[in-house]
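Q: Go by the hints and put chain B onto chain A.
2 protein chains.
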Amino acid sequence: MGDVTIDNQRYRERFEKFSEIGATDREGVNRPSLSNENKEARYTIVEWFRDAGLSVTIDEVGNIFGRREGNDADLDPVLFGSHIDSQYNGGRYDGVIGVLGSLEVIEALNDANITTERPLEVVAWSNEEGVRFQPDMLGSGVFCDIFDVEYAYSREDKNGKTFGEELERIDFKGDTPSEPRPLHCYFELHVEQGPFLEQEDLPVAAVEGVFGFSWMNVTFEGQANHAGPTPMDMRHDAMVATSDVVQAVRRITATEGTDLVGTVGSVDVWPNAINVIPETVEFTLDFRSYDDEVVETAVQRIQQEIEWAAEREGLKYEFEEIMRIDADPFDQGCIDTVVESIEELGYDYTRLVSGAGHDANYLNKICPTSMIFVPSVDGISHRESEYTEWEDIQVGTEVLLEAVQKQASKS
Amino acid sequence: MGDVTIDNQRYRERFEKFSEIGATDREGVNRPSLSNENKEARYTIVEWFRDAGLSVTIDEVGNIFGRREGNDADLDPVLFGSHIDSQYNGGRYDGVIGVLGSLEVIEALNDANITTERPLEVVAWSNEEGVRFQPDMLGSGVFCDIFDVEYAYSREDKNGKTFGEELERIDFKGDTPSEPRPLHCYFELHVEQGPFLEQEDLPVAAVEGVFGFSWMNVTFEGQANHAGPTPMDMRHDAMVATSDVVQAVRRITATEGTDLVGTVGSVDVWPNAINVIPETVEFTLDFRSYDDEVVETAVQRIQQEIEWAAEREGLKYEFEEIMRIDADPFDQGCIDTVVESIEELGYDYTRLVSGAGHDANYLNKICPTSMIFVPSVDGISHRESEYTEWEDIQVGTEVLLEAVQKQASKS
Chain A
2 MGDVTIDNQR YRERFEKFSE IGATDREGVN RPSLSNENKE ARYTIVEWFR DAGLSVTIDE
62 VGNIFGRREG NDADLDPVLF GSHIDSQYNG GRYDGVIGVL GSLEVIEALN DANITTERPL
122 EVVAWSNEEG VRFQPDMLGS GVFCDIFDVE YAYSREDKNG KTFGEELERI DFKGDTPSEP
182 RPLHCYFELH VEQGPFLEQE DLPVAAVEGV FGFSWMNVTF EGQANHAGPT PMDMRHDAMV
242 ATSDVVQAVR RITATEGTDL VGTVGSVDVW PNAINVIPET VEFTLDFRSY DDEVVETAVQ
302 RIQQEIEWAA EREGLKYEFE EIMRIDADPF DQGCIDTVVE SIEELGYDYT RLVSGAGHDA
362 NYLNKICPTS MIFVPSVDGI SHRESEYTEW EDIQVGTEVL LEAVQKQASK S
Chain B
2 MGDVTIDNQR YRERFEKFSE IGATDREGVN RPSLSNENKE ARYTIVEWFR DAGLSVTIDE
62 VGNIFGRREG NDADLDPVLF GSHIDSQYNG GRYDGVIGVL GSLEVIEALN DANITTERPL
122 EVVAWSNEEG VRFQPDMLGS GVFCDIFDVE YAYSREDKNG KTFGEELERI DFKGDTPSEP
182 RPLHCYFELH VEQGPFLEQE DLPVAAVEGV FGFSWMNVTF EGQANHAGPT PMDMRHDAMV
242 ATSDVVQAVR RITATEGTDL VGTVGSVDVW PNAINVIPET VEFTLDFRSY DDEVVETAVQ
302 RIQQEIEWAA EREGLKYEFE EIMRIDADPF DQGCIDTVVE SIEELGYDYT RLVSGAGHDA
362 NYLNKICPTS MIFVPSVDGI SHRESEYTEW EDIQVGTEVL LEAVQKQASK S
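Protein chains in written order, with my numbering: chain A, 2 to 412; chain B, 2 to 412.
Next comes chain A alone, as it looks inside the complex (with noise of 0.2 Å):
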């Protein structure tokens, strides 16, 4: 498969041009969701799928695939793709390099008039990072029949729009079920969004799996007084307690296995005025591990925490655990092809386990998949500053394009 390339200028025209739609000042992209910049970059890439050649379809929930047909139409198509919604003033890298990369490697196959055995599909998720409408994920959830297309149009942003409304006023709402079918493998190439590859100075990784997680809602209530004359011994303050889980979740991810992470991400005070003790606190918990074993452990230890924190300071809590998702191991078979792609165009590589959420956990449930992550710039994402060099794309598009052609000519 050595004469098939990727056309490394048009790559990067497309990408720059992309990156226009919805532009920040400070070199991010802003195309939440369903905007009108989101629509405008749906468009863009309809017209590009179509302009490769590929037989576009929109699905219920606005998840846009591009196929392109193989030798044998009865074979299940390898499936790739990523998405091209943003966080709110994010980064121009995440999802967009999986769906250009996966456009780029459709070309390329043009360029060298090459038909693969499998037909090949290209795809762009509907709503993947749930910043306007949550849950994120929601376009690949929906194909995948972890959530009903009701539950998707249902979904509303802050200002009382739902999913179902918008998609439509964006005339994203296509005809065809949005529901898991036949499907020989999935891949997804992405930025890292950690530092390790950087780290190690490596230009790109085979992904293994994703960390389980737990998320959790807290709430201490104590009394609210005046910060003046209510002595220490007689308070019964949220935050004290507050900060004590805080330094908990530093304590436990110490000692509770290697990968461990933990986060107090939102923290809500009320009344939350200076001179006034405070009587409310609600705060978030966000535990992982690609341990299982570990992510309970920490579950079970915070709770004790928690119970200790509000005992001492006389407040009352509630404790909720919202989410909990297990590791989710990808299939070793699409994990090798990865790997030996990576081996075959000699570059240097390392195995990783994935911090964070994916479209491709999803799609992990209905057909094989792995992912090939390129490295982000001080391991930032979802902001403006999100960075990786071009150089990595180009490695990673090359390992796409391999791998993708390794399973297409798998009967």
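No lab work stands behind these hints, which were simulated from the structure alone.
Any copy will do: because identical chains look the same in the list, a pair fits if it lies in one copy or spans two.
Computed cross-link-like contacts, SDA-like style, restricted to lysine to any residue with a CA-CA straight-line distance of at most 25 Å: (1) Lys18 with Thr45; (2) Lys366 with Gln333; (3) Lys317 with Ala255; (4) Lys159 with Asn273; (5) Lys317 with Arg252.
Note that the structure is a prediction, hence the values are computed from the model and not measured.
A: Frame of chain A, contents of chain B only:
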């Protein structure tokens, strides 16, 4: 002076009637400064002052004075009162008992046909709470030359309405200049807003002064990364450093001075999402003690702790002390007058220092001043559940009546 006595039935009926203005469902009142409910409360007070024979003056920032002439018009008046604006959904007692109690003192003297040597003036200060227009104690602050009138007028609420506009709207911008004038002394009856009197089962306290305090704003700035793929040792988490400082506040209050209190009351996190490491946390610090050196040591120690926390977590930080007020001892003569009054009436009592600020702080700068405290059940104030036993309000008002007569008879 034993023949003069308050009329408990009249007093209590007035209090109940006044509590209906802006009454909330949960036994509180909602009469923030210059609201329609505050306007109604002001009109009621003016009417009741006039009914009691007082000559009413409204000054240019809305302070309401009611004057009763004495035998000698050349003597400086004895001033006493408090405020009638409330917190949002605040309590019935805070400020109100000081104004209605002062009115009852006048009524009692009227009933007994007593004319004091000195003129008497009762006052309802404008904008004491500072919840709608900052700073608090604005009316007494202008009167005592702490703030300019124009500064007061320019204060904006969160909807951009100014204090000056709103004062005009409710028709309480008077013609009389708000400025210091000769006063013999000032007394203020107020709820304690702390737990000491209730703990000691005492009905009343002579207040010897007010805590000094320091208010500080702190900002930690780290890096907002994805809570999944970012390993613990690469995090720059502003919430972790904030929790270090919350813990340090507790350590410092436990080791510096017996009356030192410290509070982190307001905490704002950005971006405040369950799966993103907090990049920025802005929070406040409040330290108070009656010993200025203790406050100074606490401020120095917390600055060191902030620096250490930032260093450990790899953060930038900003620290600003936004206010420092020294401890404020009241006038010994006025304190003695309150103590003698209590002793003559035969009540058990204690001497207290106030942890909270009051209009009396500013008055203390222009004339001899003291305060009378009555118990707050559970030490609660600034909330609808604020409560003081009526018997204790009676005691405090009898003490005020006695103290006012003593000072008004002095030439």
